[in-house]
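Chains A and B are the protein sequences, given in the same order.
Residue numbering for the first sequence follows our numbering, beginning at 1 and increasing consecutively.
Residue numbering for the second sequence follows our numbering, beginning at 1 and increasing consecutively.
Incorrect hints may have been included.
Counterexamples of contact, computed for chain A against chain B with all Cβ distances above 12 Å [stated by the list, open to error]: (1) Asn-77; (2) Asn-112; (3) Gly-124; (4) Tyr-168; (5) Thr-182; (6) Ala-188; (7) Gly-195; (8) Leu-209; (9) Leu-211.
Calculated cross-link-like contacts (lysine to aspartate or glutamate; reagent style EDC-like; alpha-carbon spacing at most 16 Å) [to be verified]: (10) A:Lys-85 x A:Glu-73; (11) A:Lys-226 x A:Glu-206; (12) A:Lys-226 x A:Asp-239; (13) A:Lys-257 x A:Asp-239; (14) A:Lys-85 x B:Glu-222; (15) A:Lys-164 x B:Asp-221.
Below, a sample of chain B positions facing chain A; criterion: calculated Cβ distance under 7 Å [said to hold, decoys possible]: (16) Arg-39; (17) Ala-217; (18) Asp-221; (19) Asn-231; (20) Leu-235.
The set of hints was computed from the structure by calculation and includes no laboratory data.
Every residue, glycine too, gets a C-beta built ideally from N, C-alpha and C.
What follows is each chain in one-letter form.
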Amino acid sequence: MAGNLPSGEPEAESTPLLTVSGVSKAFGGLQALSDISLQVNAGEIFGLIGPNGAGKTTLFNALTGLYTTDRGEIRLNGLRLDGRKPHQVLKAGLARTFQNIRLFAEMTALENVLVGRHARTTSGVVGAVLRLPATRREEADSRERAHALLHRVGIAQHAHRLAKNLPYGDQRRLEIARALATEPQLLALDEPAAGMNPAERAALRELLLQLQADGLTLLLIEHDVKLVMGLCTRLAVLDYGVKIAEGTPDVVSRDPKVIAAYLGDEAL
Amino acid sequence: MRAVSNVPDLKTPPRWLAFSLLALGLAVLPFLVDAGMGRSWVRLLDLALLYVILALGLNIVVGYAGLLDLGYVAFYALGAYVYAWLASPQFGLHLPFWAVLPLGAALAALFGVLLGAPTLRLRGDYLAIVTLGFGEIIRIFMNNLNAPVNITNGPQGINLIDPVRLGSFDLSQSHQLFGYTFTGIHLTYYLFLLFTLMVIFISMRLEDSRIGRAWVAIREDEIAAAATGINTRNLKLLAFAMGATFGGLAGGLFASFQGFISPESFNLMESIMILCMIVLGGMGHIPGVIFGAVVLTLLPEALRYTGDWQRELFGRIYVDPADLRMLLFGVALVAVMLYRPAGLLPSTRRRREFADAKG
């Protein structure tokens, strides 16, 4: 099933967007991440898979500044990300979604996306109170973009509904729209298909492929093996905080270590 | 392009009509109250406006940013003391109010940041305890800063504070204008109304802005807000500073209005009362907060009349009105929280939230 994907593409042609080198993170005696190194190239969909507790979300949290790393380096376009605060990481161009949807429940879908514009806009208290021309322009632009993004992820009809009242699949889409509003170079999605029905999954898959076609780079944690294998350009497999494999889906899916750790017999 | 943030309200009458009626009502209100209920109620009206300013200030911190602040009265105190220091015989300074008020508000804002900074990592109950402590610290400072150098005049407070004067126009005196007599408390009403409208305007503009949305985002989910690019530290400090500015402004107005301030006026009960106003009215909702502030200023005063009611009903007074007053006040609060848990005038959002919880 992975045969239709380009495999063995020459690495030299792709430019590294995200470089993780030697990142480790321990919680007390638990080594959640051990010496993780990987590279996500511009324009690809990079999958991060592994059994529960393998450290995937920990790695996401380390990448996005929610956790400080013990060792190692994270670079986006050559710019150091480790040691930065979450909002600085975002501003550098790395946006994310959460495994357990974290929307602003009491805000409308539109407002959620507008919050995503925060980092790319500048108006302050004075501008807001006096509605200066620059603020008004910025606000109008933000709203226009927010509506367009809601439309793009397919939930334009919910613009004025509270986020918490949206159906589950649409909440996931809204989270993606909010992340896209921040104009990221790399979008990190933590199990975007979790809890979705097959139709929603298919729509999500379409959306992710469109985003890739538009030049966005995606980093994807996903449990749905089918989705990952069909979608990702390359994969890294984590197990107990250690990267046990990296490569194209067909290479990874044949790796005995991966089969033992995660995929099980049925994947063969 | 027209802003399309909220679902348009279809049933409202033409805006200019509603506004003119409201303006007219607010303009004649003190005279109606004076004629109908007596001068002491006009004074209460002035106080109610002050509390609207205070409640809207605290609403920014608690209602929007979700930071439970129990020491808000500290900023009210700072504004009042700055006014008293710069416009009373205490230091022999008599600066004009338009210079002193902004100074008081600015100092309060500075303290908002200073007191807010150490609490940034705290949430909920812990934040409440620390801010409560800060509020008390400020009050106790004011109480004890009369020796070795007399700065605050200690528990005796500062007296003979200058009233608001515009040139030779003294706002505490009666004036004949357009053939009507305006007493000091009438004029004060218009001054306070002006500031209240300004604070309402600022609150409304902030609520529907990049800054207001960031505050609400922090309230809703701080981690998601940070991961969505919001500098949570700066925006929380900004909320503290904005809230404190309004508190300081109200403090300065209070000092000029009373002519006398002492640490007594700025105790914990005051903070709790202001918090009650926004919770009771409808947190994060400007009309609700205004309503809560007015009701909670007037209700305790209205309950002073329970003595008269008892005499009418029973021919004698069974329970001291002073005791009964707080009892009934408590009952009223409990009743509101039981039957209207989202506040008397909740925002449409909160109303929906509670409806959802029930359904």
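To test your reading of the hints: which numbers does this structure violate? 2, 3, 5, 6, 12, 16 and 20
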